[in-house]
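If you follow the hints, you should be able to join the two separate chains into one complex; please do so.
Protein chains in written order, with this note's numbering: chain A, 2 to 326; chain B, -9 to 319.
Don't read these hints as lab results, they were simulated from the structure.
Any given hint could turn out to be false.
Claimed, not checked - Facing chain A, from chain B, some residues (calculated, C-beta under 8 Å): (1) L184; (2) R190; (3) S198; (4) A241.
Note that the Cβ used here is the ideal one computed from N, Cα and C, for glycine as well.
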Amino acid sequence: MANILKNRELLLVAAIAVLLVLITWRFPAFVAPSNLARVYNDTSILIILALGQMAVILTRCIDLSMAANLALSGMMAAMLNAAYPGLPIPLIILAAVMLGTLLGMINGALVWKLDIPPIVVTLGTLTIYRGLIFLLSDGKWINAHQMSDAFKALPRDELAGFPVLSWLSLVMIGLVFLVMSRTALGRAFYAVGGNPHAAVYTGIDVGRTRFFAYCLSGALAGLSGYLWVSRYAVAYVDIALGFELDIIAACVIGGISIAGGIGTVAGAVLGALFLGVIKNALPVINISPFAQMAISGMVIIIAVAVNARAERRKGRVILRKAEAV
Amino acid sequence: MKILKSLMVTAAVSLALMANAAHAENKKIALVVKALGIGFFEAANKGAQEAAKELGDVEVIYTGPTSTTAEGQIEVINSLIAQKVDAIAVSANDTDALVPALKKAMDRGIKVISWDSGVAKDGRMMHLNPSSNPLIGNMIIKLAADNLPEGGDVAVLSASATATNQNTWIAEMKKVQGNYKGINVVATVYGDDLADKSYRETQGLIQSHPNLKAIIAPTSVGIVAAAQAVTDAGKIGQINVTGLGLPSEMAGHVKSGASKSFAIWNPIDLGYSATMIAYDLIGGAEAKPGAELKMGRMGAVKLDDNNEGAMADPFVYDAKNVEEFAKIF
Chain A
2 MANILKNREL LLVAAIAVLL VLITWRFPAF VAPSNLARVY NDTSILIILA LGQMAVILTR
62 CIDLSMAANL ALSGMMAAML NAAYPGLPIP LIILAAVMLG TLLGMINGAL VWKLDIPPIV
122 VTLGTLTIYR GLIFLLSDGK WINAHQMSDA FKALPRDELA GFPVLSWLSL VMIGLVFLVM
182 SRTALGRAFY AVGGNPHAAV YTGIDVGRTR FFAYCLSGAL AGLSGYLWVS RYAVAYVDIA
242 LGFELDIIAA CVIGGISIAG GIGTVAGAVL GALFLGVIKN ALPVINISPF AQMAISGMVI
302 IIAVAVNARA ERRKGRVILR KAEAV
Chain B
-9 MKILKSLMVT AAVSLALMAN AAHAENKKIA LVVKALGIGF FEAANKGAQE AAKELGDVEV
51 IYTGPTSTTA EGQIEVINSL IAQKVDAIAV SANDTDALVP ALKKAMDRGI KVISWDSGVA
111 KDGRMMHLNP SSNPLIGNMI IKLAADNLPE GGDVAVLSAS ATATNQNTWI AEMKKVQGNY
171 KGINVVATVY GDDLADKSYR ETQGLIQSHP NLKAIIAPTS VGIVAAAQAV TDAGKIGQIN
231 VTGLGLPSEM AGHVKSGASK SFAIWNPIDL GYSATMIAYD LIGGAEAKPG AELKMGRMGA
291 VKLDDNNEGA MADPFVYDAK NVEEFAKIF
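The shape of chain B in the complex, shown without the other chains (with noise of 0.2 Å):
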């Protein structure tokens, strides 16, 4: 009886959130993000109205918890399912505490995706990635290439020996090295992720190879070490240091001219992307590994066997744009 009785109001629930969506103007996708008040969230908020104007019946619904914790995220979470919105895109604070909650959202015919931070599989339909491994591999050893038509020698400052990110971007890296007509990789050395060692190696680098053209940083810490060496050492112009980098941290290295360009993701475009694939999937599209989402103007993404997507290529900053990122994050 208990069961029936459920089974009923369940049905009733959906019909009438069935109805409610068709009769409604705009379609509501929540973003929620770790904690308000951040930058970089804020940002992809930007990214997210951009998507919602594009689309026309959109209305994003930006929210969080003011910390970040997973307790704050679940009870936003249910206030959002009560609020019936059609799709929920959030960068988890937790993998696993969101997914009891996601779940009820998703009985409740909810889309849910994750971005940036994931939810495990059983919590999301889909996670995007803001980029991925070899696009990674790939990009630093272009933005390298992009300033050396004449090709050159060029090295790598990566954190510690044992930093599983930074060796799978390198051996990414070294796949891609052909592609690259004239670059030769010299040296791949260590900084640990220590300003000062970092700063050490470079100035080791600058010393051993007298030809050096660039070096390529891939952990924030490394970049800015790198590139106050090269400051420091009169280089600026001669060596170009790259990587990746945060704007924020990134910028008075860029209009000193000791970076020309660095990566890192934009987090505009993710909000963007989220907003897009919750509103493909609204539209009836099926999150299934193989199947390829439509991000708008970041073109498609396709889901690999746990039903992740990666974006795009990492975000190039330069002197045109990073006092304007710098702000964000």
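Same shape as in the complex, but just chain A (with noise of 0.2 Å):
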């Protein structure tokens, strides 16, 4: 028992299932298979960031630029995709990919080479992305009329049944898997949040290891962005506006450690979807608006608070044989 109360995967599984229970009772429907798979997919595009912010977190580091790249990499597909309606979407999305990878690596490079504070590095970024969009915009909309309907139509198209966007992040949740159980360089995010002094002798460039960090979340941002895009079929310069904070909540519920070294991708996963649950059953619930935003809070304060106490080390004793004595 002690045991299943002191896995956070265990515990977000249970306290989703108690949310979807409170839920029930306001709104049956909410439960639906349906609505559920629903609600998924209404996620996927957080749970994606929500990937890409976990190995940047687990480096000790953190990543405010990522709804500004999303933001900047979606425009930038948006406007491809309206110049040249012909362009394969692969080809769009790839770009989208690469240009969120780009901005990922401008990240990880001021934080690696300038040893700048990460906070204060995606805290500059952020803001720069932002003005990007417009001087690349001009502060005009990309409108849906104006995509092509293909490349409205990808994360919408049905495959088994579920729409392509949740695939999408099944996959992405199954590759950023294999690079964090598999990999040396998934290892090496563990060891520098972990320990980077440590890390430093076991032979881990830690600035490295956190520049290939960014580089990871950048390129989820990138694909994010053509997602979001295509998804809500719509392009400003404001779009996923303040979304860097609920990224960093789906982590922080998830039960990774802002502290780094401490965190799983079931975590982060899981961590997006109560987030996603609660952003998803409100409106159906029929909540005032501002408590809303107040159980949105409330919600992130609780999991921090449940994390420290399980992130709390006991003393080690060190010295058994003379305390015998």
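Following this line, the structure appears as structure tokens:
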């Protein structure tokens, strides 16, 4: 029993289950399988972004620029599509991912080579990227009718009953899981965040590892940029404004320690799902918008409080023999 | 001595101006816009030219700075004063900065009005608003009701819960709700002018109100997101999305049928009315609280205590005209 309580992922699954029961009590149709699939689909983008943020947070860094990166990559994808409607969609997605990666590399390089605190770097690039969208688009919107049908259709197309958007997020979860658990880079993320000094002694380049974490988060933000713009069929300067806080909240709720080194892919996914369920449930259970904000905030604080308790390490007895004497 | 001299000069100038006005065949009305090359204002110019044609003895000078700055507009206004135009109708880049230049124009006998974006009370004779809160509130529910002869449930998707404009319009809408029989406003939700939240709130509305027939979104972000959510839910034809939006942003959703119609000001009518009012003032009409000024085919505008007036109901865009206006703004 105590072991189950210590397992954060199981705890989160239980929390989501309790949440669903509470919602069902007020709005029974919410737990219909088709609706749960819809909620998952709606949360897909947040999940993809949380995976990238997780990698960065694991290395004791933070990426505040993810939402701005998403918006810039998304705007670029939308403008490419509007200007060249014949361009194949995979090419546009590739361009968005590459631009996202490039923006992530800028973050990573600044953190690595100039040794500026990550929160300051990404706070700066957040503003720069948003500003670039304005310069790129001249403040204009790219609207539904300017995008080609294929551009808008991809995330909505169904594969075996589920939209491509949901499938894509599942693929990303799989890929990031493989990187985290099966590659040297994945282990390095944990090592760098867990104890940077020890990591150096094991031959890990801390700065380089952080750089790659930012590349990963940038690439995922770029991909999300395309997905976001085509899902909502509109691109403008302010898309996903403030979304970086949702991404970080998903990670924190998912048990990824802001202090680095602790956290799992499952945690990030569940944290995002938890937020996704709340975001989708609040509109249907008829709660005032002000209470909605308060509830979202409370959930985050409770999650962090639970985390802090879980992370508190017990003092270790290192001289057991002496004690025994 | 100096005062006397300047008085004499002023008198001479005004005499010359009056003589000029009397002899001139055409009355010169300057339409000063925030900046040249903006579709909205090009359309307003189209309306002004239409008014000039209708009036016959009017020449419209369409002008403005190249970027939206108050300094640029002041230069333009000074040159218009030098050209001795009869009236200036301005959409201001700054409420206060233009006041001294416009005062100077009024001192020279030039009629000054502002339209679209107003000037402080001292700097103009009257201001023409494109519409008014009660007219907008009435229009948004009328748009929903017009497509629901049998009545039905409608919901409002607003911007944030604290947005002043939207709250005022929704309050005005609720005042006249009784005039539309069978229309039930079942919910008001807030999308915070974020595409994703508006989309999600719309999905919530579709779920929690199975009989929903229309969604009224008096915000340009909200109406687009709601139309997309209705499209994705396969509810085109069952739920009509309407409210306030821009033709260029809504053209696709009108074409798909997600939105049958929506409203916003018509820049052509605005330019037309501004020109008509300026002409009326040149002709001797007085701009004072309670006065009614003629706007040709748009009727008349009644001025309130601040010498402000509302032109008309917001203009309705539907499948017939949205493509044409999408090119403009």
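Now for the hints, and whether the structure bears them out:
1. L184: OK, holds: B/L184 within 8 Å of chain A, min 7 Å.
2. R190: This interface hint holds because 6 Å falls under the 8 Å limit.
3. S198: holds (5 Å)
4. A241: Hint on B/A241: holds, closest Cβ of chain A at ~5 Å, below 8 Å.
Every hint, counting from the list given before, is met by this structure.
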